[in-house]
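Protein chains: 4
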Amino acid sequence: MTGNSFGTLFRFTTWGESHGPAIGGVIDGVPPGLALNEADIQVWLDKRRPGSSRFTTQRREADQVKILSGVFEGKTTGAPISLLIENTDARSKDYDAIKDQFRPGHADYTYFKKYGIRDYRGGGRASARETAVRVAAGAIARKVLGAGIVIRGALVQIGPHKVAPDRWDWKAVGENPFFCPDAKMAKEWEIYLDEIRKAGNSVGAIIHLEATGVPVGLGAPAYDKLDADLAKAMMSINAVKGVEIGAGFAAASLLGDENADEMRMEKGEVTFLSNQAGGVLGGISSGQPVVVRFAVKPTSSISLAKRSVDRKGKNVDVATKGRHDPCVGIRAVPVGEAMLANVLADHLLRHKAQCG
Amino acid sequence: MTGNSFGTLFRFTTWGESHGPAIGGVIDGVPPGLALNEADIQVWLDKRRPGSSRFTTQRREADQVKILSGVFEGKTTGAPISLLIENTDARSKDYDAIKDQFRPGHADYTYFKKYGIRDYRGGGRASARETAVRVAAGAIARKVLGAGIVIRGALVQIGPHKVAPDRWDWKAVGENPFFCPDAKMAKEWEIYLDEIRKAGNSVGAIIHLEATGVPVGLGAPAYDKLDADLAKAMMSINAVKGVEIGAGFAAASLLGDENADEMRMEKGEVTFLSNQAGGVLGGISSGQPVVVRFAVKPTSSISLAKRSVDRKGKNVDVATKGRHDPCVGIRAVPVGEAMLANVLADHLLRHKAQCG
Amino acid sequence: MTGNSFGTLFRFTTWGESHGPAIGGVIDGVPPGLALNEADIQVWLDKRRPGSSRFTTQRREADQVKILSGVFEGKTTGAPISLLIENTDARSKDYDAIKDQFRPGHADYTYFKKYGIRDYRGGGRASARETAVRVAAGAIARKVLGAGIVIRGALVQIGPHKVAPDRWDWKAVGENPFFCPDAKMAKEWEIYLDEIRKAGNSVGAIIHLEATGVPVGLGAPAYDKLDADLAKAMMSINAVKGVEIGAGFAAASLLGDENADEMRMEKGEVTFLSNQAGGVLGGISSGQPVVVRFAVKPTSSISLAKRSVDRKGKNVDVATKGRHDPCVGIRAVPVGEAMLANVLADHLLRHKAQCG
Amino acid sequence: MTGNSFGTLFRFTTWGESHGPAIGGVIDGVPPGLALNEADIQVWLDKRRPGSSRFTTQRREADQVKILSGVFEGKTTGAPISLLIENTDARSKDYDAIKDQFRPGHADYTYFKKYGIRDYRGGGRASARETAVRVAAGAIARKVLGAGIVIRGALVQIGPHKVAPDRWDWKAVGENPFFCPDAKMAKEWEIYLDEIRKAGNSVGAIIHLEATGVPVGLGAPAYDKLDADLAKAMMSINAVKGVEIGAGFAAASLLGDENADEMRMEKGEVTFLSNQAGGVLGGISSGQPVVVRFAVKPTSSISLAKRSVDRKGKNVDVATKGRHDPCVGIRAVPVGEAMLANVLADHLLRHKAQCG
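Residue numbers (our numbering), protein chains in the order written: chain A, 1 to 356; chain B, 1 to 356; chain C, 1 to 356; chain D, 1 to 356.
One chain only, chain A, in its complex shape (with noise of 0.2 Å):
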């Protein structure tokens, strides 16, 4: 109830700071049978994880996952699953410059003012690690979809540099250090952040993702809509600061008979003309793809100096040394993934429970 839990069938609690022993989370509720054992879950760990290229953090941790329970002989049981990552390259020494003080920006204030402790290591609980473990559970969120349901992710903005839509290429996805759809794009991203991360400073991003082969009838009326709980999953991403569904804040500027998407029948079955909705409407999947779009702040940790406060109230200007993510947005990609499958996952479940 203190918000480390996610999700209400398929739900998952989980814990760890950036710089204890270890992270980890219990995944509750997952169907049992299913085939799950930890090289299934590294795969989508090892996509998030930092120190893979020089545009995220240095800090090289393995991230091995370890399943400590739900799994026997291979498969799910029905019980939780316990899976724990230990934290292996912590290095609490460089935050001792900034003990006391508050970093713009960052959740340091906020939290010493809420529950009067600072856990100066590394941003303690409000740490982007934590997202791993959102991840692992989105490993375990694809077994319960089902190999029928695509989801994937893609960098579309950094800064004001765009993906071109004409030059966009899944394929690609996998070629570049971006999860970048355009590789002429990717390949001036890798100037541009370069630039930046020289400059001691970072920069913000756009998240694309979409999922194919939903059902149509996925979500619930009024407050846990399918497009309002993944509102919530991606807000709740460190850095996140808007989401949109489908058409997103342009269908402000879009006239009704514009943003309706048609139907026809096509081949004895329904089918939209096209998908303003992002494939939602009223709150339930409608069988199109579920397209969402998040943007990312530029990662707070910079080393350029910025004015502050300490605990003592004295003024102060903190500059951030740590190894650091020069744009966030990027490792943001497998975590959106893992977010919108979790919420796919959770509302398959409830759909068997009232409608099955």
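Hints should not be assumed to be uniformly reliable.
When chains are identical, the list treats them as one kind, so a pair holds in a single copy or across two.
[As the list claims (entries may be wrong)] In silico PhoX-like pairs for lysine-lysine, Cα to Cα no more than 20 Å straight-line: (1) K99 <-> K312; (2) K352 <-> K314; (3) K352 <-> K321; (4) K352 <-> K143.
Treat the hints as calculated values from the structure; they're not laboratory data.
Once you've looked at the hints, dock chains B, C and D against the given chain A.
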């Protein structure tokens, strides 16, 4: 668990269909001893009420709220508060023509596929009529928050027409039928919306909300971040397609040193020098104004014919007669304000429980 | 979250005070397409209704239920079902005398200390009147369970007088005002209770419930064991002080080889040779009848004067006038049945979600 | 939502199987700033630890707890507390013989039918080993409650042998291997249990718990009554078949004037003259000691052969070898105490949220 409840400690559960005998809700978790009567709620319902200008639906509902429990001798007792609003101007006949048709952009198709039932009368549970109860709950939430926390909202864009930041005047909001803070733009909207309405079309909009006086420390880590719950709250409102906190999507284009809100001591108080964060850092309120924006798509009910299908899988052209809002975004202003109040009240109680 | 909701997937939220305008509830999570009308619910309410014999309170409530939402053309739609029962025979005047006094055995004192409010009219929210809505929810739960699961209850002890196991006849239950399965004992109770009633006193009772046709596999591990949820369900009924499953407290005196229910294959089916377990093993239904018993304390409202204190901290003697049940355990039979149905319906949906 | 979490605000989620690598749990909602270290938890685990006398299972587990998160510099931070206890003496080989058999009285059959999976090693998730984490959570709950609330438990019956009320001495509880408050009876139990043990049999028991210093006002109306949550808490402990509050089942035989706890002002304080209610009125604590009793069935694992069936539907005779408690009720004492602490801590935070 099927999504008709919102909040964890300040929690309401709503019910009712557009054309049933009544709509209502149960608000649970309200602290005892708060002064509350029906007029306290009615004032907000009146603000959202249909039929108040030619720019909102011509359905004439008194939206008269009755308190059925939880209040004794003018004070809340701590017991659940049951609210009831009768439907008095439901004209189900209007819907006979589309009884078996799926209106594009509506939840008709997805509800039918999910539940196997077609409540064709005005959208049934999916109707925006449900938002009246959100507004009623919000009135009680404001009582929980107390007079120190001030919540207000404004419509800032209709179609392509945006208010001018330098003409922003909160007082203007109450003086035009659009909740527009820019008197000049309100006049332009009037002309623009009349055209839209006469053409049988509709248009989207953007709403801006802010809460001042929110103490530092409200929110929770990880999944129930204050901004995550706000994103869910807003996206759960009918027709909403996007939500932003603070700088929102614009944060993607910012550099780290532009985005971080610097702090300084001023007169012994921690003072932020900007508010890109929108009053939330690490999911916890910072003491700055909480700033939320959301985008509403054009009303799906338009009298222009659109291609669709019917229950039997036949192609049809659908034009929605009925009485509808040319811009449903207008009435979303008081609904958004209410949801902001509801989320804050919930987190205020949650904060008291753990850290109070 | 303040305890006015019950269940996770089949979930109801209730409201209303003994002497307010009405009581009611919202039942959420009901599968769509179930045939349901008011008469389906009324039949169970009538069974619990006060004033049906001289052995229950003489308050005359029609307990007429209205369905306000969630049903369309005689079928559940999947939307929340709102039920309303008007209070028609509330005589608040009866309570003027005890306005400032705390009745011994009642919640008067604890509610006042918790909430700082005294709703003296008939117990307010703490009144057994609340149980009517449990019964109404139970009627819907039975629809969810289907005809294959049969739930029935009986009163098996009043004061020291127990029914004789060898005279047990389920048919007798409907033929006396006590839901007594032992026709001979029913006659004895009649004499005994008349004495109690005339003396202005009251007496306790024990209720026996069973559900047959429950499939193997309902329940959950650890904390939401089927029997744990049943224990909560029964103990949450006003005046209940003890709950047993199967052998119950008698199990304490048994040896392991006496207690273990042996199994054998019979006609190709797993068959248990006894049912000490009461149909639940490891928190999960075994396919045997689910057997629950609970004890109800004597009605606290008696006309014999008892020592107490008032709001001002003065010693007083309290005799409760009003109209009360000499044995509130009688009407607890249909309430217990309903709660058993509610728990089973919830776990049926939960089972479908994870293992269906 | 599949039942591996307990509590609403003080909420823990547990995981782990009897013969997996470890068991553990995540405790969420703990207020920040409480002094806490591993020794604070270990002392309670040691009390429950197997192998401490010949009257409990001979499995030798160190039950050494590790805190993996949520504590920094000796204080709780408000973040979730992850606890881990390694399994060091699991001998899965012991279970080879019964790999395909369903042990009577165990969850073997129901788990298999529910999940389609047979984790035969020591009961898997259904093992009483899970209760260690309840005890660990209870240690933290006691910190939340503070020193003013004292919780203690005693074993009051083994088989037909009950402690004598007039010999009750709380000090004796720590001086025998049974948590028995009657030194004389403890000696008799020793002889009795040795016989049971040598016969390869087992026996049931009754546990008495009480909490003193509980302030008036904890609890909630309707479904989350304090006693309803206690009933669930106790019934969720493995092998428990009955729960009583205060007079419990004996209340059925009482008259109203015997049962109502009278009140008088004494030295300016409201004072109850008896405690039939067990410290709970209308679901809310009265300030009197909270008194709970529960019955534990005999350990199902006995070395006497019993009739059963196997996975293939063949009749078999099952004798459980392994290492087991002749009276599992003994170790249920610290588990019951912990669950009492857990429920009270949860309701303390809930009360603060709404009425604090």
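Verification of the hints:
When the C-alpha separation of K99 and K312 is checked against a cutoff of 20 Å, the pair qualifies only within one copy, where the shortest distance is 12 Å, while the shortest distance between copies is 54 Å. Taking the shortest Cα distances, K352 and K314 never come within 20 Å of each other, neither inside one copy (57 Å) nor across copies (28 Å). Neither within a single protomer nor between protomers do K352 and K321 lie at most 20 Å apart by alpha-carbon distance, with minima of 50 Å and 35 Å respectively. When the C-alpha separation of K352 and K143 is checked against a cutoff of 20 Å, the pair qualifies both within a copy, at 16 Å, and between copies, at 18 Å.
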